[in-house]
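Chain A is fixed; fit chain R onto it per the hints.
Note that the protein sequences, when read in sequence, are chains A and R. Counted the way the numbering used here counts, the first sequence spans residues 1 to 202. Counted the way the numbering used here counts, the second sequence spans residues 1 to 228.
Rather than coming from a laboratory, the hints here were simulated on the basis of the structure. There is no bait here: all hints are sound.
Residues from chain A shown here face chain R by an in silico Cβ test under 7 angstroms; the list is partial:
| # | residue |
| --- | --- |
| 1 | L49 |
| 2 | S50 |
| 3 | H51 |
| 4 | F66 |
| 5 | Q70 |
| 6 | A72 |
| 7 | L76 |
| 8 | W85 |
| 9 | V87 |
| 10 | S88 |
| 11 | G89 |
| 12 | G91 |
| 13 | D92 |
Here are the computed distance ranges between Cβ atoms for each label pair:
| # | chain 1 | residue 1 | chain 2 | residue 2 | range |
| --- | --- | --- | --- | --- | --- |
| 14 | R | F216 | A | R165 | 40 to 48 angstroms |
| 15 | R | L121 | A | C62 | 51 to 59 angstroms |
| 16 | R | M177 | A | G75 | 32 to 40 angstroms |
Derived contacts from chain A toward chain R, CB cut-off under 10 angstroms, selection only:
| # | residue |
| --- | --- |
| 17 | A47 |
| 18 | G48 |
| 19 | L65 |
| 20 | G68 |
| 21 | V73 |
| 22 | E81 |
| 23 | A84 |
| 24 | H86 |
| 25 | D135 |
Ideal Cβ positions, reconstructed from N, Cα and C, are used throughout, including at glycine.
Here's the letter readout for the chains.
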Amino acid sequence: MSAQGLGLSRGGRELFSELSFSLGAGQLVQIEGANGAGKTSLLRILAGLSHYGFDGSVARNCPLLFLGHQPAVKGLLTPRENLAWHVSGEGDYSQEAIDAALERVGLYGYEEVPAHNLSAGQQRRVSLARLYLSDSPLWLLDEPFTAIDVGGVAELEQQFVAHVRAGGCVVFTSHQAPRTDHPLFRLCLREGLREGLLGEPR
Amino acid sequence: MPAPPAPAFCLRLLQRQLVLALRRPAGIANPLLFFAMVVALFPLGLGPDPKLLAGFAPGILWIIALLASLLTSDTVFRSDFDDGSIEQLLLAPQPLYFSVLAYVGAHWLVTGVLLALASPLFGLMLGLPAVALPALFASLLLGTAVLSLVGGIGAALTVGLKRGGVLISLLILPLYMPVLIFGSSAVRAAVQGFPVAPQLAILGAMLCLAIVLSPFAIAAALKISVDA
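Chain A with its partners taken away, still in its complex shape (with noise of 0.2 angstroms):
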């Protein structure tokens, strides 16, 4: 996937522009930066959710995988209903694959119980099994800690890990870093940022 010349401006302060990096197989990216510098703005225009409002252009040519700050999870659906009939259109995953992933992220035992019964930390998990299920290369990822405990952070940054060592490539925001001795690319926006391009892995 790459970006070509990215720009936004939001109630006329500029936020980014001139972005233009590109991203492949192994790259475990994260993107920083203050509230309202634009990270989930520039996290959707990769993912193809805007069309106006934007300068530049993305080129992506991989199935993605997104994950939003709203979690997609439906309270009236228990866990196994939500990944099952997932909205994302992704393959029919069998009983035991979804029930896999569930015991991955923690929600063993929690299979049948309606979602609306379930804390956001664990509405969160539900959508992050998807992490253990999917197929896709490209992984877009908005704050995906949020809600998430310490264990289960950890747990996180083993599959993104994992995930980018098996060739695929990981974005996500978040204010915290990774503890992970993985190649870090990072990319931070910050006001009037005139070109962001990827540094150095850390």
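For chain R alone, coordinates are given in the frame of chain A:
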């Protein structure tokens, strides 16, 4: 695992929407109760003369069905928009055209079809001759499908607004008029003993047109609503 083809995905969405509707039975019962309440209001307002009521019945029943459909059309995409499911739907590899048909189809099954099934009872309450009941049922069955499709456009356009209720009525009520004209005319023709096939054929033609064209509008409107 490969993404399922569009028809399989549509069935999955349809099943999901129907299960969601069945788990909130109040949402299914509300339009029917609304229908029954308003039908009960007319004898109070117009007087209990059965002849008078029977004369007005085709128009009354069709207008109430139209309002009941309007009342629920706001809900087609509302909850899925609020919890982020519509974003996911837009990113799905399957064509959005068919996906929105599944949403609208589920809405029609739990409102329009039920209204059409219950309508003979309401027709009898207003003294509609029994000979007109099949025409009432058939015209409502075809007509409410058009109403659901057109209502879906309004719902998709206003789903991003906090309170889209009034706006949606202003947007789509004008588009409901042709359906009302031919729907109530079918029932009136049946009361007077004329053939109803022409009116039903026109309703069917409207349905074909709506099925082909409205998903384009709904899909475009959803993209705009998510983008805004």
